[in-house]
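These are the residues of each chain, in order.
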Amino acid sequence: MATGIRDRVAILGMGCTRFGERWEAGAEELMVEAFEECLADAGVEKNEIQAAWLGTFFEEINVGKSALPLAMTLRLPRIPVTRVENFCSTGTEAFRGACYAVASGAYDICLALGVEKLKDTGYGGLPNSGSNAGSLTWLWLPNITAPGVFAMLAPAYSAKHGIEAKNVKEAMAHVSVNSHANGALNPKAHLRKPVTVDQVLNAPMVAHPLGLFDCCGVSDGAACAIVTTPEIAKARGKHDLISVKALQLSLSNGEELSFDNWDYDHFPTTERAALAAYKEAGIDDPRREISMMELHDCFSITELITYEDLHISPRGGAVKDVLDGFFARTGKGVPAQVDGGLKTFGHPIGASGLRMIYEMYLQLLGRAGDRQLDEPRMGLTHNLGGFPFMNVAAVTITGRYEG
Amino acid sequence: MPGIVSYGAYVPARRLQRLAVFSAVGWYSPAIMMMAMGERSLCNWDEDALSMSVEAARNCLRGLDKRRVDGVYLAGTTLPYADRQNAGIVAAALNLSSELAAVDFTGSQKAGISALIAGLQAVSSGERQSVLIAAGDRRPTRAGSFTELYFGDGAGALLLGEDPIAEYAGSYALAHDFVDHYRGADARYDYGWEERWVRDEGYAKIIPQAIAGLLKKLGWSAGEVAAFAYPCYFTGAHKAIAKKLGLQPGQAIDNFHNNLGETGCAHPLLQLIAALEKANPGDKVIVAGFGQGCDAAAFTVTERIAAAQARPGLSAALAHRVVEENYQKALAFTERIEVESGIRAEAPTQTALTVLWRKRKMLLGLVGGKCKACGTPQYPAQDICVNPACNAFHQLEDYEFAERPAVIKAFTGDLLAVTIEPPAVYGLVQFAGGGRMVADFTDCELHKLKVGQSMRMVFRKRYHDAERGFTGYFWKATPTGETAKGGA
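Protein chains in written order, with our numbering: chain A, 1 to 403; chain H, 1 to 488.
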């Protein structure tokens with residue numbers, strides 16, 4: 001019976017670019033920037049990498065198809081390289097490919113790199129796919145945008161739990177304030193100004209009830225990891241290893257969209273991926289055992305609801321936890337978005353999952369500078385790709401290797 | 001004798017105030033001050049002649065056995081396709097049997113009545129058993145023109161067959177190449193001749209000539225006919241025709257200039273519906289369409305009329321009304337001013353015709369599936385049932401969602417989505433009896449929506465692919481009852 005890959009893969013090194021409007025850099029330059037940091041950190045030679053995974057989403061507006069952009073940009077020695085895409089879980093999906101390759105024994109050292117160049121479109125926001133959304137899909141799904149489909153969660157969540165819309169909106173504001181406070185401490189974040197609850201509440205509307213500060217930014221960036229087995233890492237002289245405790249994915253099966261058992265108030269996929277990850281990692285009580293989290297805060301309402309899907313907050317209890325400061329970096333609960341989240345990093349889609357793991361890695365090694373938490377043990381990262389009614393959820397748990 | 005079995009009217013909820021038009025363009029065109037009273041109907045940006053015709057046809061067919069329909073005759077001079085059967089799109093939207101004759105009637109303002117007479121002849125001969133007539137028009141006009149004030153948007157539909165509410169008595173047709181106006185095949189707007197000539201030599205002579213011809217043919221006198229339905233957007237001339245025919249006050253059906261505007265090919269059909277709405281058994285009714293001649297048809301109302309009058313007609317359509325005083329919006333909806341929609345609007349919009357054919361029931365008819373194994377209604381229909389406790393393969397049978405009431409589960413008003421009327425409002429709706437879909441909402445006001453709100457489905461234009469000239473249609477949800485835009 002398969003039990004997962006807990007402690008079978010260690011992170012040898014990581015790299016992450018500064019995220020932002022990187023007008024001076026294309027996807028290729030961003031890849032090199034993250035890769036150089038990662039190589040130095042890992043202490044390996046480029047040609048020691050045996051296989052690689054590239055994660056990128058909007059290939060049509062940046063690198064184009066296939067994994068060749070990674071292979072050619074990094075001048076990899078004709079090794080196997082695979083491109084993956086799975087909506088906003090793309091970066092984590094690249095990491096998953098590399099980890100599984102190591103865990104299976106197929107390779108000793110693998111690279112996962114996620115990159116997205118979003119700022120070559122000429123406008124703010126993400127592209128409108130039109131008929132590229134799918135030859136059938138675009139003929140019937142409504143005229144949606146990402147903020148719009150996630151905004152729909154708020155009134156449905158209010159109705160489900162009998163919480164007044166204004167109280168949900170206020171909790172959402174606190175979610176964004178928390179991310180901005182943390183991002184202000186992070187030199188790699190895109191947006192580095194703290195904001196107040198009033199600023200968030202009074203920001204221009206994007207999709208009711210999500211205002212500008214309820215939405216994450218759009219930016220360019222890349223992040224990567226080189227992984228190996230704990231044994232090889234030790235043999236190469238690495239101490240204080242960070243290992244992968246769990247890597248889980250869950251995809252909608254069409255029930256949310258077409259069956260009648262969901263109220264548009266939560267993410268069944270996130271819950272399933274989280275429970276599977278806790279089992280894989282040997283976690284019984286996530287509210288106590290998870291030291292820190294980087295959640296998919298594409299929008300404040302997504303993060304709020306995710307607290308519950310992860311079983312960190314009870315159902316209907318996230319609003320209270322948020323207002324109690326349970327997720328604050330300096331609080332007594334589970335700090336969330338310690339690096340500033342998508343909110344302040346922006347969301348270069350292919351890079352985000354790896355950027356989140358990068359923060360866990362820094363924190364676990366005590367290298368997080370001004371943001372450093374006190375002795376974290378277990379870090380959880382989460383992605384939610386697609387739309388609430390059809391999505392790809394990913395949960396990754398990393399922690400100190402104690403074997 | 002067969003005749004009219006049912007009727008349905010559709011008028012878009014917006015009523016553009018003529019004074020608002022004058023206020024905006026009177027500086028340029030002061031003469032339209034004469035007409036700056038009352039209101040005209042105005043399509044929402046997602047409506048056109050075809051979508052309105054589908055809605056009128058739905059109102060006409062509701063509660064009847066639509067599977068018997070073996071003919072769909074669609075009339076209009078502003079139908080979306082010059083070469084793709086528009087009537088066939090209507091038939092697909094109504095999910096009618098494919099064993100039917102779909103025919104477009106176009107090229108003249110009298111095409112609605114020409115279609116009606118052709119349908120009556122088809123059912124009278126026994127060639128067809130149940131023919132649906134629909135007519136709709138949304139005629140483009142120049143800013144500051146008189147026609148902008150004369151014209152309205154709307155559609156009417158009639159079902160023809162046995163056991164009628166109004167028995168077909170006969171018809172009369174007159175063809176004159178009298179060109180009061182024309183619109184060349186490649187032109188966007190009408191080109192019209194002097195009103196005085198059109199009024200005195202056209203309407204005032206040709207309509208009476210045709211009606212007199214019909215009365216003579218049937219051996220009827222004008223005095224024994226309860227209602228005459230004929231168009232003429234010059235209200236004075238409309239009255240003069242009645243006088244010329246020797247009619248008493250009340251015999252001529254209103255031209256609805258004041259509260260609707262003239263709806264092109266649909267107009268005489270809507271006037272006929274107005275007549276039927278208040279008709280009594282035994283009443284004789286005459287309808288005439290005008291345009292390069294005049295086609296006229298006569299009916300005798302039967303005792304079945306009383307039951308049919310429970311059906312909403314033109315008066316109900318006119319009562320569903322919201323005042324529009326924003327003339328710039330009317331210009332934008334009809335693409336007469338170019339608004340900046342940004343680079344984000346530059347999305348690819350090619351329609352895969354193979355997909356459109358394979359999924360025609362899903363896309364045009366809003367047909368999903370109901371699982372024969374577990375009974376779960378679902379949209380869209382796929383090979384494997386969505387119910388996790390079932391997941392049966394190949395057990396779905398057709399299941400129509402268009403007429404099923406729904407409620408809102410979640411919604412938003414999206415200011416980022418590209419639309420001519422922000423915010424784009426959409427949400428998840430749950431159908432009574434099971435099944436759900438995420439859908440665009442239309443004709444609604446965001447601040448009035450709430451979770452649990454009742455909705456119904458309407459057929460609308462989804463997009464226009466200007467590069468290729470393709471117009472795509474789909475279904476949207478709209479509030480019912482008091483929350484409906486223009487609702488009571």
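Read the hints as simulated data drawn from the structure, not as lab findings.
This structure is a prediction, so every number in the text was calculated from the model and none was measured.
Note that CB positions come from ideal geometry on N, CA and C, so glycine has one too.
Fair warning: there could be bad hints in the mix.
Stated by the list, open to error - No more than 30 angstroms apart at the CA atoms, straight line, and that leaves these computed lysine-lysine pairs for DSS-like: (1) K217(H) with K160(A); (2) K217(H) with K244(H); (3) K169(A) with K205(H); (4) K205(H) with K217(H); (5) K244(H) with K166(A); (6) K448(H) with K320(A).
Stated by the list, open to error - From chain A, some residues computed to sit far from chain H (all C-beta separations above 12 angstroms): (7) A25; (8) E48; (9) A103; (10) A133; (11) L141; (12) N143; (13) I144; (14) A156; (15) K160; (16) N202; (17) L257; (18) D263; (19) Y264; (20) D265; (21) K332; (22) R367.
Taking the hints in turn, this is what the structure says about them:
1. K217(H) with K160(A): At roughly 69 angstroms apart (the allowed maximum being 30 angstroms), K160(A) and K217(H) break the hint.
2. K217(H) with K244(H): Judged against 30 angstroms, a Cα distance of about 19 angstroms means the pair holds.
3. K169(A) with K205(H): Violated, because 68 angstroms separates the two Cα atoms, which is more than 30 angstroms.
4. K205(H) with K217(H): holds (18 angstroms)
5. K244(H) with K166(A): violated (67 angstroms)
6. K448(H) with K320(A): Within the cut-off at roughly 28 angstroms; holds.
7. A25: The assertion about A25(A) holds, with a minimum of 21 angstroms to chain H.
8. E48: Holds, because the least Cβ-Cβ distance between E48(A) and chain H comes to about 43 angstroms, which exceeds 12 angstroms.
9. A103: Holds: least Cβ distance 30 angstroms, greater than 12 angstroms.
10. A133: violated (9 angstroms)
11. L141: Given that some Cβ of chain H is not farther than 12 angstroms from that of L141(A), nearest at about 6 angstroms, it is violated.
12. N143: For N143(A), whose nearest Cβ neighbour in chain H is about 5 angstroms away, the distance does not exceed 12 angstroms, so it is violated.
13. I144: Per Cβ check, I144(A) is inside 12 angstroms of chain H; nearest 6 angstroms; violated.
14. A156: violated (4 angstroms)
15. K160: It is violated; K160(A) is separated from chain H by about 9 angstroms at its closest Cβ, not greater than 12 angstroms.
16. N202: holds (16 angstroms)
17. L257: violated (7 angstroms)
18. D263: violated (6 angstroms)
19. Y264: Given a closest Cβ separation of 4 angstroms, the condition is violated.
20. D265: The assertion about D265(A) is violated, with a minimum of 8 angstroms to chain H.
21. K332: holds (34 angstroms)
22. R367: With a cut-off of 12 angstroms, R367(A) remains clear of chain H, as the shortest Cβ separation is near 38 angstroms.
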